[in-house]
Amino acid sequence: MLRQVLKRLATAIPSVIGVVVVTFLLTRVLPGDTAAYFAGPAATPQAIAEIRAKLGLDRPLPEQFAAYVKDLATGNLGNSLSTGRAVTTEIIARLPASAELTLVGLLLSMAVAIPLGIVAAVKQGSIVDHACRMVATAGVSLPVFFTGLLLVYVFYFLLGWAPAPLGRLDVFYSAPPDVTGFYLIDSLIARDLDTFRAAAAQLVVPALTMGIFSLAPIARMTRASMLAVLSSEFIRTARASGLTPRTVIITYAFRNALLPVITTLGMVFSFLLGANVLVEKVFAWPGIGSYAIEALIASDYAPVQGFVLTMAIMYVALNLVIDLLYGVIDPRVRIEG
Amino acid sequence: MDAAVGIPLLEIRDLTIEFATRRGKVRAVEHVDVSVAKGETLGIVGESGSGKSVTSYAVMRILDRAGRIAEGSIAFSGIDVKAAAESDMRDLRGREISMIFQNPRAALNPIRKVGRQIEDVLLRHVQAAPRDAKAKAIEILKQVRIARPEERYHAYPFELSGGMCQRIVIALALACRPQLLIADEPTTGLDVTTQKAVMDLVVELTHARAMSTILITHDLGLAAAYCDRVVVMERGRVVETAPSSVIFTAPSHPYTRKLMRATPRPGVSLRDLLPDSEATPPPAPAAAADTAPLLVVENLVKEYPRQGTRKSLFKRKAAAEGPFRAVDGIGFEVGRGESVGLVGESGCGKSTTSMMVMRLTDPTSGTIRFAGEDIGTIAARRFATLPQRRRIQMVFQDPTDSLNPRFTALRAIADPILRLGDIRGGAALRARCEELARLVGLPLDLLDRFPHQLSGGQKARVGIARAIALNPELVILDEPTAALDVSVQAVVLNLLQDLKARLGMSYLFVSHDLYVVRMLCDRVIVMRQGKIVEEGPTEQVMNAPAADYTRELLSAIPHPPV
Numbered sequence: 001m002l003r004q005v006l007k008r009l010a011t012a013i014p015s016v017i018g019v020v021v022v023t024f025l026l027t028r029v030l031p032g033d034t035a036a037y038f039a040g041p042a043a044t045p046q047a048i049a050e051i052r053a054k055l056g057l058d059r060p061l062p063e064q065f066a067a068y069v070k071d072l073a074t075g076n077l078g079n080s081l082s083t084g085r086a087v088t089t090e091i092i093a094r095l096p097a098s099a100e101l102t103l104v105g106l107l108l109s110m111a112v113a114i115p116l117g118i119v120a121a122v123k124q125g126s127i128v129d130h131a132c133r134m135v136a137t138a139g140v141s142l143p144v145f146f147t148g149l150l151l152v153y154v155f156y157f158l159l160g161w162a163p164a165p166l167g168r169l170d171v172f173y174s175a176p177p178d179v180t181g182f183y184l185i186d187s188l189i190a191r192d193l194d195t196f197r198a199a200a201a202q203l204v205v206p207a208l209t210m211g212i213f214s215l216a217p218i219a220r221m222t223r224a225s226m227l228a229v230l231s232s233e234f235i236r237t238a239r240a241s242g243l244t245p246r247t248v249i250i251t252y253a254f255r256n257a258l259l260p261v262i263t264t265l266g267m268v269f270s271f272l273l274g275a276n277v278l279v280e281k282v283f284a285w286p287g288i289g290s291y292a293i294e295a296l297i298a299s300d301y302a303p304v305q306g307f308v309l310t311m312a313i314m315y316v317a318l319n320l321v322i323d324l325l326y327g328v329i330d331p332r333v334r335i336e337g
Numbered sequence: 001m002d003a004a005v006g007i008p009l010l011e012i013r014d015l016t017i018e019f020a021t022r023r024g025k026v027r028a029v030e031h032v033d034v035s036v037a038k039g040e041t042l043g044i045v046g047e048s049g050s051g052k053s054v055t056s057y058a059v060m061r062i063l064d065r066a067g068r069i070a071e072g073s074i075a076f077s078g079i080d081v082k083a084a085a086e087s088d089m090r091d092l093r094g095r096e097i098s099m100i101f102q103n104p105r106a107a108l109n110p111i112r113k114v115g116r117q118i119e120d121v122l123l124r125h126v127q128a129a130p131r132d133a134k135a136k137a138i139e140i141l142k143q144v145r146i147a148r149p150e151e152r153y154h155a156y157p158f159e160l161s162g163g164m165c166q167r168i169v170i171a172l173a174l175a176c177r178p179q180l181l182i183a184d185e186p187t188t189g190l191d192v193t194t195q196k197a198v199m200d201l202v203v204e205l206t207h208a209r210a211m212s213t214i215l216i217t218h219d220l221g222l223a224a225a226y227c228d229r230v231v232v233m234e235r236g237r238v239v240e241t242a243p244s245s246v247i248f249t250a251p252s253h254p255y256t257r258k259l260m261r262a263t264p265r266p267g268v269s270l271r272d273l274l275p276d277s278e279a280t281p282p283p284a285p286a287a288a289a290d291t292a293p294l295l296v297v298e299n300l301v302k303e304y305p306r307q308g309t310r311k312s313l314f315k316r317k318a319a320a321e322g323p324f325r326a327v328d329g330i331g332f333e334v335g336r337g338e339s340v341g342l343v344g345e346s347g348c349g350k351s352t353t354s355m356m357v358m359r360l361t362d363p364t365s366g367t368i369r370f371a372g373e374d375i376g377t378i379a380a381r382r383f384a385t386l387p388q389r390r391r392i393q394m395v396f397q398d399p400t401d402s403l404n405p406r407f408t409a410l411r412a413i414a415d416p417i418l419r420l421g422d423i424r425g426g427a428a429l430r431a432r433c434e435e436l437a438r439l440v441g442l443p444l445d446l447l448d449r450f451p452h453q454l455s456g457g458q459k460a461r462v463g464i465a466r467a468i469a470l471n472p473e474l475v476i477l478d479e480p481t482a483a484l485d486v487s488v489q490a491v492v493l494n495l496l497q498d499l500k501a502r503l504g505m506s507y508l509f510v511s512h513d514l515y516v517v518r519m520l521c522d523r524v525i526v527m528r529q530g531k532i533v534e535e536g537p538t539e540q541v542m543n544a545p546a547a548d549y550t551r552e553l554l555s556a557i558p559h560p561p562v
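Note that the protein sequences, when read in sequence, are chains A and B.
Last residue of the first sequence? That's 337 in this note's numbering, and every number before it is there in order.
Last residue of the second sequence? That's 562 in this note's numbering, and every number before it is there in order.
These aren't lab readings, by the way, just hints derived from the structure by calculation.
Since the model is a prediction, treat every value here as computed from it, not as a measurement.
Among the hints, a few may not be true.
Here are some of the chain B residues that sit facing chain A, going by a computed Cβ distance under 7 Å [unchecked claim]:
id	residue
1	Ile62
2	Ala66
3	Arg90
4	Arg93
5	Ala107
6	Leu123
7	Arg124
Straight-line Cα separation of at most 20 Å, SDA-like style, residue types lysine to any residue; simulated pairs [claimed, not checked]:
id	chain 1	residue 1	chain 2	residue 2
8	B	Lys113	A	Ser126
9	B	Lys142	B	Leu205
10	B	Lys196	B	Tyr226
11	B	Lys113	B	Ile62
12	B	Lys113	A	Arg255
13	A	Lys123	B	Ser87
14	A	Lys123	B	Ile62
Glycine is no exception: its CB is placed at the ideal position from the N, C-alpha and C atoms.
Chain A on its own, in the form it takes in the complex (with noise of 0.2 Å):
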């Protein structure tokens, strides 16, 4: 096992370094000059130079790259020009949050797509089968922000359920001390129940809203899955071995189904955690994705470097992570690893 997990780790740095790489030379590449930029509109050409200069922009490329790497060697992600704080201290605090968001999200899109999933490919051309399509194709189509507007206008205005879209936490509360930095976490560790629910407040909508659409991608994978595994032989087999269509369906067919419903599910969690940036606009959540997206607007490009960056260890995590799944299920791929 441990073996297996140190040959996937092998095979990600060059996949690490190449991102480091292109990263450091798209941000160089984007438009806008970043000296100009922080100079402010009425920079003297002089002023624009020295500020370049202070920033070693003026130096050449591999020079830069080198300096780049030394730092990050360190774990400095360098600063931010526009607020002027380290970049690693905000990806830490902010991380939390999207994680946080993303997660809840997929986990309540999984208690409703994979039960939706199943049952459709059970009861095939069913009532339910037809809902589960339509309740996915209905959930990807709506765009995320305005599903977020949707759901804010009908629990926090007409109903009044909801606590007011402002983050994660409602100002008369404080955050709870800090250990994993997800807030639910947190306040239960500090036996804070209050903090909890305020906390579980203001991230159900936005969950929801991040969950629905993620729900057609996984119930429909669940569907298909099922479908595949449902009309093979060994589940022929158990049936005619007089199994209940509990233990069929859940033990034999769901098991076999589950690999591509997992593939799937570290597909959309990655898609989700970079591409949150409209939700956490909407629900003004301090998180990564917001983080950058102003970065990238003003061309400060030490913010953008450093959230790729941590998007694409993530995502190599991520795939490990995957990858040691399938084989607690498939003894099969243990083999191959």
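Take the given structure of chain A and dock chain B to it, following the hints.
Below, chain B alone, put in the same frame as chain A:
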């Protein structure tokens, strides 16, 4: 026979099964009457599409969603199967009636330990409690002769051989001591010696428990060897029912006679397999112009790295074990106009050998000389572009999988001509393909059809036409009839023989079935574990085998009484 006397365990009366398809209702089984007495072994014999499997699924009521029992009744020891509640049927399945299937590896849950799968059945039918389930499962593994059952309990299906998987399926089926066992083509796809072991095991276990058995098979020889009574089905109907001692010596229905005739058995020639009306005298063989052998193989070796050998950590151990030799220094010749059979069980290296001669795989060492030229040294990937490619062609095992589903029959036959041939222009190409179609007996109006619109036999003809399109000198036949029904096999084998006589080709015929090889080949090579154990003229090998292994192979093949 007196087994049929008394109250039958299973009684099927006037059974009709309908399937709802896009083109309306199709009757897969019509007005079928079958009864099975207690302790009796009944064979249901028929070719594909005869409705024999569907009938057995109806007995267990595990038909597809689209299928339903339209008419008739099925009574199993007094229970009306058609009317019984689904929960009652679930209690029946596995405990009173159970089933073993074709393709045992696919019939087992690939990601669950085989022991656990047996436990699932035991626990479901309350034949074991959670605390003693494991012990009972191991006991059952022991009964089906699985060596080291405690260890194998933890095995997954992919870790076991095909024969071993079939033993596990048998263990599953017999775990709860049912009264009726339905075996649906239980040995198709298994080697003959494994087939014999599996069938003997089934017979022994069912006899010891006084169980009734229904053996569904396309193989008359198998039915003759193991059944008390045989039901012959054709296109959804029962055409004949008789004790097996009678049916093979005095078949009364024309279809049974045709089936009997088409089954390869000792002492018959290829022409004997065909019905009288279709047997035309064979064309005179084309005289071989050259007496030098066409293909000479010497010291051929193919090595594969052993699975699971780790390069870095266990270097020393891997070196001591050495790579796996799939083909271990073999040598043989194929003369011009000669056909040579390459026989052996799965894993003996016969397919690897044929792939190397075909120049699709590179040999590790040794020489392959074709028409005096050493082609073994040419890299396989380069060989496809050379003129020699035209001279060695192949007919593949699975007629369906070896055709591009998006190519029409015409396009499939034209494919090698387009790539390597010198016929250009649509009309000339079509004319050549039509000529080839006539040669292989494929009706010309089928040329524009796609593979899924053709029958198995027609697809086999397309595959043969494609292989001879470039007038090759050597054709490698890799079990070309293994996926076909016996009557179709008889026709295809005759076609191959006629083509060889007419076109003067040489054949390298790869097969596991000695009786099939005997009829088509002049010489036979028997392989085992990468080595040649026996080689000689067909009659000599078949009638006076020198090697023990050949004798074992011959005796394992069941055949109807001659």
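Structure-based check of each hint:
Hint status for Ile62 of chain B relative to chain A: holds, with the closest Cβ pair at about 5 Å, below 7 Å. A hinted interface residue such as Ala66 of chain B counts as satisfied when its beta carbon comes closer than 7 Å to some beta carbon of chain A; here the least separation is about 11 Å, so the hint is violated. The restraint placing Arg90 of chain B at the interface with chain A holds, with a minimum CB-CB distance near 5 Å, inside the 7 Å limit. A least Cβ separation of about 4 Å between Arg93 of chain B and chain A falls short of the 7 Å threshold, and the interface hint therefore holds.
Here the hint on Ala107 of chain B is kept, as its CB sits about 5 Å from the closest CB of chain A, short of 7 Å. The beta carbon of Leu123 of chain B is not positioned within 7 Å of any beta carbon in chain A (closest approach about 9 Å), and the interface hint is therefore violated. Given hint, Arg124 of chain B at the interface with chain A, holds; its Cβ is 5 Å from that chain's nearest Cβ, closer than 7 Å. Taken as a hint, the Lys113 of chain B and Ser126 of chain A pair is broken in the structure, with Cα atoms around 34 Å apart against an allowance of 20 Å.
A threshold of 20 Å between alpha carbons decides the hint, and for Lys142 of chain B with Leu205 of chain B the separation of about 12 Å falls inside it, so the pair holds. For the suggested pair Lys196 of chain B and Tyr226 of chain B, the alpha carbons sit about 10 Å apart, so the restraint of at most 20 Å is met. Annotation: proposed proximity of Lys113 of chain B to Ile62 of chain B is violated, straight-line Cα distance about 24 Å (limit 20 Å). For the hint linking Lys113 of chain B to Arg255 of chain A, the alpha-carbon distance of about 13 Å falls within 20 Å, and the restraint holds.
Restraint check for Lys123 of chain A and Ser87 of chain B: the C-alpha separation of about 18 Å stays at or below 20 Å, so the hint holds. As the CA atoms of Lys123 of chain A and Ile62 of chain B are separated by approximately 16 Å, the hinted pair is consistent with the 20 Å bound.
When the structure is compared with the earlier hints, violations turn up for hints 2, 6, 8 and 11 and for no others.
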